Amino acid sequence: MTRILKPIGFWLLVAVIVVYAVFPFYYAVLTSMRSGQALFDPSLLPNSFDFSNYVGVFQQQPFALNILNSIIVAVTVVVISLFLGVTAAYALGRVHFAGRGLLLITILAVSMFPQVAVLSGMYEVIRLLGLYNTMPALMLSNLILTLPFTVWVLTTFMKELPRELEEAAFVDGASPWTVVRRVFLPLMWPALVTTGLLAFIAAWNEFLFALTFSPDNRTVPVAISSMTGASQQELPWGNIMAGSVIVTLPLIVLVLIFQRKIVAGLTAGAVKG
Amino acid sequence: MASVTLKNIRKAFGRIETVHGVNLDIEDKDFVVFVGPSGCGKSTLLRLIAGLEDITSGDLLIDGRKVNDKTPKDRGISMVFQSYALYPHMNVYQNMAFGLELAKTANTTIDAKVREAAQILELTPLLERLPKQLSGGQRQRVAIGRAIVREPKVFLFDEPLSNLDAALRVQMRISIAKLHKQMGATMVYVTHDQVEAMTLADKIVVLNAGNVEQVGAPLELYHNPRNLFVAGFIGSPQMNFIDTEVLASDPSGAKIALPGGGSVVAKVDGSSVRAGDKVKLGVRPEHLSETGGEASFKGAVEVVEELGESHFLYVRGGDGKLITLRHAGDAPVSAASDVTVGVPGDLCHVFKADGTALRKKEAGVCAPDSPEAQMKSQPAQLLPLSGRQAVSSSRRRRWTSLNMA
Amino acid sequence: MASQSDLTRARVRSAWLFLTPMLFVLALVAGWPLLRTIWFGFTDAKLSAPGLYKFVGLSNYLTYVDGRWLGLLANKIWWLSVWNTVWFSIVSVILETVLGTIVALVLNANFKGRAIVRAAVLIPWAIPTIVSAKMWLWMLNDQFGILNHILMNLHIISSPIAWTANSSTAMWAVIMVDVWKTTPFMALLILAALQMMPSDCYEAAKVDGIHPVKVFFRVTLPLIRPALMVAVVFRALDALRIFDLIYVLTSGSRDTISMSGFARLQLIDFAKTGLGSAASTSLFLVIAIITILAMTIGKVRVSEDAAK
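Protein chains in written order, with my numbering: chain A, 17 to 289; chain B, 741 to 1145; chain C, 49 to 356.
Treat the hints as calculated values from the structure; they're not laboratory data.
This structure is a prediction, so every number in the text was calculated from the model and none was measured.
You may find that some hints are simply not true.
[Stated by the list, open to error] Calculated pairs, DSBU-like style, for lysine-lysine (alpha carbon to alpha carbon, straight line, at most 30 Å):
(1) B/K872 x A/K277
(2) A/K22 x C/K347
(3) B/K1018 x B/K1092
(4) B/K943 x B/K810
(5) B/K1018 x B/K995
(6) B/K747 x B/K893
(7) B/K893 x B/K844
(8) B/K1092 x B/K943
(9) A/K175 x B/K872
(10) A/K277 x C/K347
(11) B/K844 x B/K769
(12) C/K254 x A/K175
(13) B/K995 x B/K1038
(14) A/K277 x C/K160
(15) B/K1092 x B/K1038
(16) C/K320 x C/K124
(17) A/K22 x C/K160
(18) B/K1101 x B/K1038
(19) C/K94 x C/K160
(20) B/K810 x A/K175
(21) A/K22 x C/K262
(22) B/K1061 x B/K943
Based on the sequences and whatever the hints tell you, model everything.
Below is the structure:
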């Protein structure tokens, strides 16, 4: 009896897990394709394929601009983080100098900062630089989220590169920058993809700074959270779901394609740490 | 001219000194081998010459110029690493061209030099391949090629053959020897394998725990080891050491007691020892006689190993020590039989309690019909011919391999 | 005295050169703002006029004025936010750890379609927090929400529940969404730990015929405990900082406000930079203390193990 129960129980558990994980998104897609009264149809199966919500979400607010803003911020943050991360990782991963360990721990500690802790200070900086309500404000502030783990993961990777390779390059006459650029960088691209992806997702997702420093020139999370209808009760759910699907689908595709790398990146930082 | 001079070089990692005051003179076109057990400091010494480690104190001169503070590139050296250290994302051509590229050499020059090196090392058909598509031996050759193209003053090799299998190692050894003749460059080679040392070197530097034990030509080290360590390190199988004492001594010889009551008159300068001094008697397995002689001791054969071209006898002497004998051909005796081991007075070594060897009265081997040989006592004549032949034939072998170039 | 060759000197020099850009940026976005926030906590600055403020010492934290206690430590809503945050952190971390372990164990088993399940499990993590909040808001809607609909159809409840509006259920709604979103992360970490374990323990247990549940508690759990602890600490520190979910799900309702939410409320909505900064600093201190504690205990443990 238990022989049959065990696999049935197991598959039941698997089914529950999968449904639990996927249902909200499935339901969001369902809703996004319904409009008008159909929105409130509680049926769990797709029974309407009305795409007017997808049009509406772009008409009711500058959604295309919001998406563009998010892309610009996320891509810039990734590029800056990777550049700073690679250069820092070389110093921290391959050169022995006094205070190296302490520095690494401090950088990691920054990732523990609650975002509010730097809010007022950064607000002042943003105001001073005249960047309020602009994308550069977000490009700058998001770095506090992405730099620590980027430096950490890239440093771990750099440490693993064979010493003799570096020495051969030195004997060939390479300067440290040349070693990084022409020998290490080509070997590190898996790590760069991983950290780049994680940084992209973090910047794309970021809400507090976007809400506080650029409330009018919005990125996607702020845009979605502020979608309102005529009154509080009349939230344009169809539009909201359409917008959600639009911004989530590419992300899901990215994550699914690169899932191994992402998992490796996430766990490397945590497990080793 | 590319000479390398080390003056009192010391290296300390933190507070631990690993290289203690090394003095060395490497002449232009020399092939010098640093040899010694793991941890003796040979790789460290090589890296000090290369500039990959800082010299704690002392002076390093390449070509007469002090290079302590210079980067590897400015020292005019090239290095072949133990793990080859090829750039994995570059193909063979790019690997070899990298150094020249960084030196901003003209493309046509780079091309000419890379192709020339590729031809010498038979790498031309492999130029487009990536390192992961190459075998171990091919990678090794690319590593050497990378070192050649820069036309350095001094070539440094850090145990380049230790990752190769036995057959390949022999092949590569011959290639490296050929290369040396062809290029006429100064080469410094590090290995823990004394066979490589003996076959490749013009000069061997034996290192032990950061100290230079002895420097000399391979045969010099074989015939006249200056101390216990060098005697035990050079020569395979290892020299036999018998704990014994001096019975009588004078500047022309020392009478050493043998287990079982006999004695042998070693042809060494015995002026620094007296009767009663404890010494170690050293005789190589190939020099001991299986058929007894004027100076001999009895023993029981415990194990016989037949290799076809040679055989080993492991004999338990009267003092309980296991003695190794090695000679050509099949074993004349079988296990569990008794044998009389003959000890040749002119081929044995005497080591004092502090490990230093007493100076031999004759330097190395003399021609069979020389006056000295005639004057030698019985043990020399009773020496199995294989002993002498082994020595001179190995010398012949060495020159022949170079002629195969 | 060791003389440094050109090479070593050049390397150390270039190391610092390489580090400087990153350190500068980090100082700009993290170091300086943090110091400023801490400083502002001791002033009466207002958002509207950031240049005009005076030093007020600890009065943002606690002060006695006109017969009343004022300041952060006397603020009822602050303490409510502290309670909310702590309660949220404890419950969500426990739930995420337990559920994450279950999911990890499932994913660790070798079965057909494992890759698909793993991909499916990653989806909640991939969805932006705000989007998740909106999706769940939609599902939890009291009138039109599908969750109420299903529960009523299954006769588990008799009338729709206003999940996010009702103060007794709002926190649970937040916890539910956070657990949904973050369990994948925990599951992945635990899975990584599980996969690093030596399989011979299991084989020995199998041969001995030990019940799998016993095997889990007596063999698996102790072995993955270090990695599990790291994951739990990470998650706990993350949970203490929560802002996005609560803000969107319960849009400023005081009942569920978190410490971060309180700080921002004072800072931006009420423009009280001084008080807001004091709150921010307090949160920072709490997290810093816990982090240092965790690291010290962790280090002590590590050196203990090494000494054994």
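Checklist entry - B/K1092 and B/K1038: Cα distance at most 30 Å? => result holds (24 Å)
Checklist entry - A/K22 and C/K160: Cα distance at most 30 Å? => result holds (16 Å)
Checklist entry - Keeping to a limit of 30 Å between CA atoms, is the pair of B/K995 and B/K1038 held or broken? => result holds (18 Å)
Checklist entry - Is C/K320 close enough to C/K124, meaning Cα to Cα at most 30 Å? => result holds (17 Å)
Checklist entry - Does the structure keep B/K844 and B/K769 at a Cα separation of 30 Å or less? => result holds (28 Å)
Checklist entry - Between B/K747 and B/K893, is the straight-line Cα distance small enough, at 30 Å or below? => result holds (19 Å)
Next on the checklist: Between the alpha carbons of B/K893 and B/K844, is the straight-line distance 30 Å or under?
Outcome noted: Holds, at about 19 Å.
Next on the checklist: Hinted pair, alpha-carbon criterion (30 Å max): A/K277, C/K347. Please report holds or violated.
Outcome noted: Status holds; Cα separation ~29 Å.
Item to check | Satisfaction of hint between B/K995 and B/K1018, Cα-Cα up to 30 Å | outcome: holds (12 Å)
Checklist entry - Holds or violated: B/K872 with A/K277, Cα cutoff 30 Å? => result Distance of about 23 Å is within 30 Å: holds.
Checklist entry - When you check the alpha-carbon spacing of B/K1061 and B/K943, does it fall within 30 Å? => result violated (34 Å)
Item to check | B/K1018 paired with B/K1092 [C-alpha distance capped at 30 Å] | outcome: holds (7 Å)
Checked against the numbered hints given earlier, the structure breaks hints 2, 12, 19 and 22 and satisfies all the rest.
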